[in-house]
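Undergrad: Note that the protein sequences, when read in sequence, are chains G and V. Counting in the numbering used here, the first sequence runs from 3 upward without gaps. Counting in the numbering used here, the second sequence runs from 17 upward without gaps.
Heads up, some of the hints might be wrong.
[Said to hold, decoys possible] Below, simulated EDC-like cross-link-like pairs (lysine to aspartate or glutamate); rule was C-alpha separation at most 16 Å, straight line:
#: 1; chain 1: V; residue 1: LYS123; chain 2: V; residue 2: GLU85
#: 2; chain 1: V; residue 1: LYS123; chain 2: G; residue 2: GLU96
#: 3; chain 1: V; residue 1: LYS75; chain 2: V; residue 2: GLU119
#: 4; chain 1: V; residue 1: LYS123; chain 2: G; residue 2: ASP103
#: 5; chain 1: V; residue 1: LYS75; chain 2: V; residue 2: GLU37
#: 6; chain 1: V; residue 1: LYS123; chain 2: G; residue 2: GLU32
#: 7; chain 1: V; residue 1: LYS75; chain 2: V; residue 2: ASP109
It should be emphasised that the hints constitute simulated quantities derived from the structure, not laboratory data.
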Amino acid sequence: MLEVPARSEHLGTARAFAAAVARHYDVDAEVVDDLKIAISEACVDALAETEPLRVRAEDLGRSLRFEVVSPRREGGSGDDRPALDELGAPARLELTRALFDDAALETADGERVVRFTVPLP
Amino acid sequence: MLDSRRVPHVSVTRGGGNTVEITLSHRRTDGWDIVDVHGDVDLATAPALRDQLDDLLTKGSRRILINLEGVSFMDSSGLNAIVAAMRGAREVDGEIAVVCTNETILKILAITGIDRLLTVHPTVERALTS
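Work the whole structure out from these sequences, hints included.
TA: See the structure below:
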């Protein structure tokens, strides 16, 4: 698991972590590129929190499950979203889902989790 | 005649020594303002690209070619910057085009439908002669 401050300058670290895990399992380079996008998209909505965001990777045998975990904001209005946000949060999740079709957003127990799996070769 | 002006290397260093980098350079050729982008375009660096494109439009540019051949990573933040520039260009009857052969970037342009809204060229030369 990787834990980084929820700031944009750490997005590259989150991507690098996920990519390193995937490469360790010999995931195809094209899929690694997709994974980096999915991780980056999942992290965007977690930014600007006071608590760090976490990127978790789990070996499920035939796939890797990645989760981006952040505290869930109560009563969030979306006003804190990044200024450059023409596409918006729903579109980001749809983009992730287009890359990994089981991508899902869950909120429970005070946490917001974006979760998807990457098939192993 | 080529008029190559290089925008200073843009890098942002924040607390903890983390540096995120994007390099933007600008040149003008055959009536096009070409913005050559190198590095990662994400939430941390996309504002620099947006600022560069806005600056060109403000200064009267009406044909901007965004060269993404040097981009190693781009997510929706980069798409956002391009879409914002497209809207700005449309308001002044300008034109935005992109040079890109990176399969992953082309994929997200297609997924988001942005590839239907702007012209994507395989090379700068093809863009200038199209």
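Undergrad: So which hints don't hold here, by number, going up?
TA: Hints 3 and 5 are the ones this structure does not satisfy, whereas the remaining hints hold.
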